[in-house]
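S.K.: Given next are the chains, with one letter for each unit.
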Amino acid sequence: MKQGSMFRKKTVPLLTMISPVTAWLILLIALPLLYMLVISFCGTDDSHNIVFRFTLKNYAKLFDPTILSIYSNSLIIALLTTVICILVAYPFAYIMASTTPFRKTLMMIFLMLPFWTNSVIRLYSWRTLLGVNGYINILLMKIGLIEAPIEMLFTRGAVVLGMVYTLLPFMVLPLLTVIDKLDGGLIEASGDLGAKPAQTFLHVTLPLTAPGIFAGSIMVFIPCLGYFFVSNLMGGGTSQLIGNVISRQFKEAFNWPYGAALAIMLILITLLIVKIYTKTGGSIDDLGVM
Amino acid sequence: MRRRRKNAIKKHTSRVFSALVYLFLYAPIAVVILFSFNTSKRNVLFEGFTLDWYAKMAGNTALLESFKNTLLVAGISTAIATVIGTITAIAMFRYKFRGKSIIDLLLYIPVVIPEIVLGIALLSVFSLVNVPLGLGSMIVAHVTFQIPFIVFTVRARLSGFDRSIEDAAMDLGANRIKVLTGITIPIIAPGIVSGAVLAFTLSIDDIIISFFTTGAKSTTFPLKIMELVRSGVSPDVYALSTIIILATFVIVLISQITVYRANKKSVKL
Amino acid sequence: MAKAIVEIKNVNKFYGDNHVVKDLNMEIAEGEFLSILGPSGCGKTTTLRMIAGFEQQTQGVITVEGERVENKEPFERNVNTVFQSYALFPHMNVTDNVAYGLKMKKVKKPEISERVENALSMVQLEGFGKRFPAQLSGGQRQRVAIARAIINNPRVLLLDEPLGALDMKLRKQMQIELKNLQKRLGITFVYVTHDQEEALTMSDRIAVMNDGVLEQIGVPADIYEKPATKFVADFIGETNIFEAIEVSADAAGQVALKSEIGEITGTDSEFSEGEIVYLSVRPEKTLLSAAPVSGYALRGTVRENIYIGTVTKTTVILQNGQEIRVANAAGSSVPEAGSALYVYWNPSDAVIIHSKSGKIIDAFENVDLSEYVEGSA
Chain A
-8 MKQGSMFRKK
2 TVPLLTMISP
12 VTAWLILLIA
22 LPLLYMLVIS
32 FCGTDDSHNI
42 VFRFTLKNYA
52 KLFDPTILSI
62 YSNSLIIALL
72 TTVICILVAY
82 PFAYIMASTT
92 PFRKTLMMIF
102 LMLPFWTNSV
112 IRLYSWRTLL
122 GVNGYINILL
132 MKIGLIEAPI
142 EMLFTRGAVV
152 LGMVYTLLPF
162 MVLPLLTVID
172 KLDGGLIEAS
182 GDLGAKPAQT
192 FLHVTLPLTA
202 PGIFAGSIMV
212 FIPCLGYFFV
222 SNLMGGGTSQ
232 LIGNVISRQF
242 KEAFNWPYGA
252 ALAIMLILIT
262 LLIVKIYTKT
272 GGSIDDLGVM
Chain W
8 MRRRRKNAIK
18 KHTSRVFSAL
28 VYLFLYAPIA
38 VVILFSFNTS
48 KRNVLFEGFT
58 LDWYAKMAGN
68 TALLESFKNT
78 LLVAGISTAI
88 ATVIGTITAI
98 AMFRYKFRGK
108 SIIDLLLYIP
118 VVIPEIVLGI
128 ALLSVFSLVN
138 VPLGLGSMIV
148 AHVTFQIPFI
158 VFTVRARLSG
168 FDRSIEDAAM
178 DLGANRIKVL
188 TGITIPIIAP
198 GIVSGAVLAF
208 TLSIDDIIIS
218 FFTTGAKSTT
228 FPLKIMELVR
238 SGVSPDVYAL
248 STIIILATFV
258 IVLISQITVY
268 RANKKSVKL
Chain R
3 MAKAIVEIKN
13 VNKFYGDNHV
23 VKDLNMEIAE
33 GEFLSILGPS
43 GCGKTTTLRM
53 IAGFEQQTQG
63 VITVEGERVE
73 NKEPFERNVN
83 TVFQSYALFP
93 HMNVTDNVAY
103 GLKMKKVKKP
113 EISERVENAL
123 SMVQLEGFGK
133 RFPAQLSGGQ
143 RQRVAIARAI
153 INNPRVLLLD
163 EPLGALDMKL
173 RKQMQIELKN
183 LQKRLGITFV
193 YVTHDQEEAL
203 TMSDRIAVMN
213 DGVLEQIGVP
223 ADIYEKPATK
233 FVADFIGETN
243 IFEAIEVSAD
253 AAGQVALKSE
263 IGEITGTDSE
273 FSEGEIVYLS
283 VRPEKTLLSA
293 APVSGYALRG
303 TVRENIYIGT
313 VTKTTVILQN
323 GQEIRVANAA
333 GSSVPEAGSA
343 LYVYWNPSDA
353 VIIHSKSGKI
363 IDAFENVDLS
373 EYVEGSA
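Chains as they are written, first to last, in the numbering used here: chain A, -8 to 281; chain W, 8 to 276; chain R, 3 to 379.
Just so you know, these hints were derived from the structure itself, not from any lab.
Even glycine gets a Cβ: it sits at the ideal position worked out from N, Cα and C.
Careful, some of the hints might be misleading.
Unchecked claim - Stretch-level coverage of chain A by chain W, calculated; a stretch enters the list once three of its residues show a Cβ under 8 Å from a Cβ in chain W:
#1 23 to 34
#2 93 to 103
#3 120 to 128
#4 133 to 141
#5 233 to 241
#6 245 to 255
All chains should be built: construct the whole structure from the sequences, respecting the hints.
M.R.: Pasting the structure below:
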């Protein structure tokens, strides 16, 4: 009887509440990822069907020089994007944290507003601005920085710009959180103890806000590796990312096993980065939720 | 004296810097709006004002269809994800059970791994079990990446929740369903709403997951634009985007003002 | 005693291996104000939550109005609770909070509004109906929580440290109000608290719990003056405790005892030669004398006097290092610090506590008692 009442009071509500999500997560996250792992060790026949026979050739192909150069290009773009995001977002978050609550809310709304709207169209309109005959070239010539229009679009720089443009708030938000929590008394104490502002920044502010920098970096770096559409729009195919290669295997070359192997590689890189992050004291809870 | 000047300089650089960041963020949006009124079809320079593109957009059924699909997918997937995610968050807040950490781990996967991985994994499984690719498969895929965001935002809201409030309701005669619908859910409603809004925007703006999980016939607005990029995006797309952007701005501003006012009222809690 | 409205029989509660309520037996009489008093973690809140139905006992029976309740959900029991955190519904105004229980019972609207008004006036909150909990002070929230519970006319009202979050002054005021309210309504109150003063002022009876065990249940005067266990003597007010062995008794019930430091005297109706007991004397009953007092071999040195208004507290250190607290009423002469004095009391003021378990007291474990008793006779 007692068992029955426990069952009625706890087990039944728990099972009703938790089974939909459990089923969903297992069927649509766990199994698909496992299946991808399985096909990454398979081959294909002539009509691109998956042949379930164990092979390592997909993984061997990952060390092809052209693929390696795409990996390095991808990592360079992700790294550049992350560094630029830090350099822009840090002072911006600092300004936000030190202004009045009303202005801060306002700055926050106007930071987030663009991200409630279609990112493809916003990226696409950069092509108008950056084009050879576009307004930026016109402006640069007017102020005499350049004599002839320069090609800015379809370069690695354009891809990085697109990435920064798309991912900047993901750097600002975690930074704002840590800077907000910063105890102003510590800055004053450091000054009181004779540190110049630069020294205070280096020895007090920076170490205390480092967790935000790490969290933001992960939230910028990892998506960069996969955002093939940014490279399509801004690089026009000149600057290939891992994401572009994977996408091509699935949508054009129809070599899914090879694409799966590339994706497994991408997961491994991601896990490595997250592992380093948590090992250095980062909290997984700080990632992802805005 | 010197100190005051230093502060003034600091203030100035702050303002200039912020202005530049906002210029960077809003310049492309300004271009979208401006060029939707441009007489030239080529989106290079502004040549003259016209409303032609808005008329043209109204007749572009393929474009409107894609936008309708976007709203449909976002609406349905957000509704499903909000229900599942909210219930999950409440259950995980209330109960300790075996396998909780596994659910937690699975929830983090879509947040942390690059979207493209989830996209192709879902595509692989859909084709394995012969799920036809279209709006249905896309909705399922969207729900999958939306659930964690709902769970996390609702959970954040629940972390300050006093469980004896639920006990009190039960003590006063409310059964479990009434406690959930009349007490718990209304109290955490702000968390549910912000989670749902976030999930909705993620869905509307999604390119990568949709790219892999939809079929040739059912395209969304972002995918349509990607498709048009090759042949050149004509300003009627800008016209539709302008309407969407302005509508979004109005909605966000109104909701933010409401939230700001509501917060100001209930700070004491 | 009136008829029991709540009966707790042989109740045990385990959280995993953690035994939080041990063999609890308690009868709560209809219409009484019973406090369950004890330190945090003593099982008092768990007991309350078992009566309310939020927790299920592992073993034993709980009945309310003669009916077993283990299969009744909290929402099926005719008891209501006032929570420590008040647990007001933040999204409802005061009226809706108070009306909630009646709405759940599907009471008609006009009746609800009438009863809400009555309940609010009973806790002196007329006109606060439209306010939200966030707009109320702590004391006002407290009153709403009480109104929300009593409006349902429960047979038993359970209160879980309801005044814990209030400041001292408001607390005292609410104690009186609560007591008056209980008298007026005639509802049985079960009041959980860790504040012994609060329990003493408000209760008809007090149940003292420690470590999951019911140590003593009785009227406040008995709890204070005739503590049944060492814990009760120690926890309720201040006291001086001696461990001693009973030696002899005279016809009047006066008992001679042997403590570690020497002879002491008390009264005991249940004298049993050779039994090891505790002897407890309240500081206000403890006396000091310049000359030795027959029957008391307690010589000590005054360490300090602390003036605290109504009394001056004197600490005396006995020769074995034990600290004795003596309370001198204001105005009486206070011994000088450092002076050597003798401690004694009226035998009738000392309470002898029979250690129920019969366990040898720790302090005596390494002492050869028989030799001690004979040698000093």
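S.K.: Per the coverage rule (Cβ-Cβ under 8 Å, at least three residues), is the region 93 to 103 of chain A covered by chain W?
M.R.: Since three or more residues must qualify, the claim that chain W covers the region 93 to 103 of chain A holds, with 6 doing so at under 8 Å.
S.K.: Would you say the region 133 to 141 of chain A counts as covered by chain W, given the rule of at least 3 residues with C-beta under 8 Å?
M.R.: violated (count 0)
S.K.: If you look at each residue in the region 245 to 255 of chain A, do at least three have a Cβ nearer than 8 Å to any Cβ of chain W?
M.R.: Check passed, 4 qualifying residues.
S.K.: Taking 8 Å as the C-beta cutoff, is the stated coverage of the region 23 to 34 of chain A by chain W satisfied by three or more residues?
M.R.: holds (count 5)
S.K.: Count residues of the region 120 to 128 of chain A with a Cβ under 8 Å from any Cβ of chain W, then say if the count reaches three.
M.R.: holds (count 5)
S.K.: For the region 233 to 241 of chain A, count the residues whose Cβ lies under 8 Å from any Cβ of chain W; is that count three or more?
M.R.: holds (count 4)
Taken one by one, the earlier hints fail for this structure only at number 4.
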